[in-house]
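There are 2 protein chains.
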Amino acid sequence: MVAISANADQLYIGIDGGGTKCRATIFSPAKGVLGTGLGGPANPLHGLDRTLESIMVSTQLAIENAGLSLSSVNDMVAGLGLAGVNLPSLYSQIIEWHHPFKKMFLTTDLHTACIGAHEGGDGAVIITGTGSCGFAYVNGKSTIYGGHGFAQGDKGSGAWMGLEAVKVSLLALDGLGPQTSITNAVMAQLQAKDSMAIAEKMAGKPSSVYATLARLVIECANQGDEVAVAIVKDGAGYISDLAAKLMENNPPRLSMIGGLAEPLQKWLRPEIAALVKTPKQPPEMGAVYYAQSSFAV
Amino acid sequence: MVAISANADQLYIGIDGGGTKCRATIFSPAKGVLGTGLGGPANPLHGLDRTLESIMVSTQLAIENAGLSLSSVNDMVAGLGLAGVNLPSLYSQIIEWHHPFKKMFLTTDLHTACIGAHEGGDGAVIITGTGSCGFAYVNGKSTIYGGHGFAQGDKGSGAWMGLEAVKVSLLALDGLGPQTSITNAVMAQLQAKDSMAIAEKMAGKPSSVYATLARLVIECANQGDEVAVAIVKDGAGYISDLAAKLMENNPPRLSMIGGLAEPLQKWLRPEIAALVKTPKQPPEMGAVYYAQSSFAV
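Residue numbers (UniProt numbering), protein chains in the order written: chain A, 1 to 297; chain B, 1 to 297.
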């Protein structure tokens with residue numbers, strides 16, 4: 001690769017693609033953030049065409065938001081953080097795309113989230129949203145724990161917590177498990193009047209639907225429901241273990257990202273909770289930093 | 001309904017339809033079992049056309065096996081036990097089918113399994129195969145516990161046990177859970193060399209695929225692996241609770257049916273294990289009894 005020195009006028013676009021949405025941010029080293037755009041799902045595991053479409057939609061919206069001409073896309077250096085591209089086949093499919101950018105650099109969404117959280121520096125992140133995963137990037141070496149997907153992995157995630165909520169509700173309704181306030185909360189949210197209705201409404205649903213029930217478990221736990229407390233402690237215990245494992249890689253900083261990061265924080269083991277630092281920048285800015293550092297090489 | 005008295009020459013066909021296969025048995029009160037046939041999947045939840053096709057294939061094979069002419073199907077009184085027909089919509093779809101039988105009586109697979117296990121008498125059954133469920137039929141009243149489907153219900157079943165096997169393997173490989181001999185057994189069976197390969201091979205797989213791993217957990221538990229023992233005890237504990245709950249309905253007999261019935265028996269609580277009686281007849285004979293008793297009304 002030819003070394004090109006960084007240029008203050010160079011435009012960068014950072015793109016963070018996930019299972020439900022795709023965010024793009026246009027950045028100029030001289031002027032900062034110029035515009036942002038939001039597109040649809042961009043997880044290549046769930047479809048390449050949809051992913052590329054969402055990338056282009058978020059890019060075009062960011063260009064419009066920045067007040068730039070659409071042709072400016074050809075001058076931009078892009079950084080992409082996408083789920084699933086740790087698989088060689090998906091990495092190749094994206095990298096072989098005839099993209100419109102001046103140059104495109106591709107890595108995992110975990111990597112760009114980590115770079116963003118630590119503003120370009122080394123560090124570790126725990127993602128606890130619909131799924132859960134731990135990632136460390138230290139001295140050029142990346143390490144992943146968890147992230148094995150619903151329902152076999154992703155402990156401590158929203159989908160995991162939602163599945164546990166359904167399980168304890170069904171057991172309680174059968175008189176085969178302890179009574180819990182989760183049951184009524186789940187029945188109300190699903191508008192299900194008995195166990196068979198719960199089972200029918202949830203059968204075969206994707207992780208994102210289970211994740212909508214996680215909030216109920218946290219609320220019941222915060223009100224002292226014993227079954228809910230046990231679930232949240234079990235999930236938070238795993239996240240604490242994940243954090244301790246990540247710290248074995250000696251990251252200078254550790255952050256938590258995702259919808260459950262804030263509500264779970266107080267349930268972590270105290271020595272772990274004390275380690276967790278607020279993310280400095282969002283994943284799409286991590287993708288900008290990744291584009292900058294890759295382009296500068 | 002016009003009352004028709006039972007006739008020793010009347011032919012009955014009992015059909016037991018499940019998620020993987022459909023069994024048909026032709027029975028004559030005068031001569032006993034005349035023939036049997038095996039067809040493909042017959043769970044109307046997973047497709048009506050396929051179910052009706054499997055019913056007809058198993059029926060035709062049973063007719064050939066009995067050495068009867070195909071037209072004899074029009075003289076037979078059929079009893080059908082099918083999963084899912086406790087849902088009114090599925091019951092209607094099957095009952096409205098232009099079937100070839102002289103008469104057709106439809107009930108759930110649980111009901112015919114129970115009738116078969118107790119040779120026509122009242123009783124209770126626990127199914128522990130790919131899924132798990134408890135059913136009691138006493139004094140004309142049926143009661144169901146569990147059977148809420150994978151992965152939210154069906155505790156103690158093969159699919160549940162297989163999912164637990166995958167979970168503990170992934171945790172162990174990440175160094176986030178105790179080491180267990182299950183891990184190597186799962187990796188060998190799946191031909192997966194690391195946690196990501198396990199996750200990829202199992203992602204989105206149906207319950208029947210998870211159930212193929214249950215045997216490994218039982219084997220590891222029988223060899224004293226602590227993690228495997230904990231899983232099997234947890235599952236067997238639920239099945240024991242299910243049995244105790246069924247006994248509240250005062251069934252004269254209790255049987256266990258399904259692929260895990262025999263291996264789980266020694267892990268049940270002793271007072272429960274002592275209650276479990278061998279099923280007298282298979283579910284397709286239960287369907288024959290159901291046809292006979294319904295036709296005689």
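Just so you know, not all the hints are guaranteed correct.
Chain copies aren't distinguished; within one or between two, either way the pair holds.
[Said to hold, decoys possible] Dumping the calculated DSSO-like pairs for lysine-lysine here, alpha-carbon to alpha-carbon at most 30 Å:
(1) 167 x 141
(2) 141 x 201
(3) 245 x 201
(4) 245 x 103
(5) 141 x 193
The hints are simulated quantities; they were obtained by calculation from the structure and are not laboratory data.
Hints versus structure:
no.	hint	verdict
1	167 x 141	between (39 Å within a copy, 26 Å between copies)
2	141 x 201	between (43 Å within a copy, 26 Å between copies)
3	245 x 201	between (37 Å within a copy, 25 Å between copies)
4	245 x 103	neither (36 Å within a copy, 65 Å between copies)
5	141 x 193	between (51 Å within a copy, 21 Å between copies)
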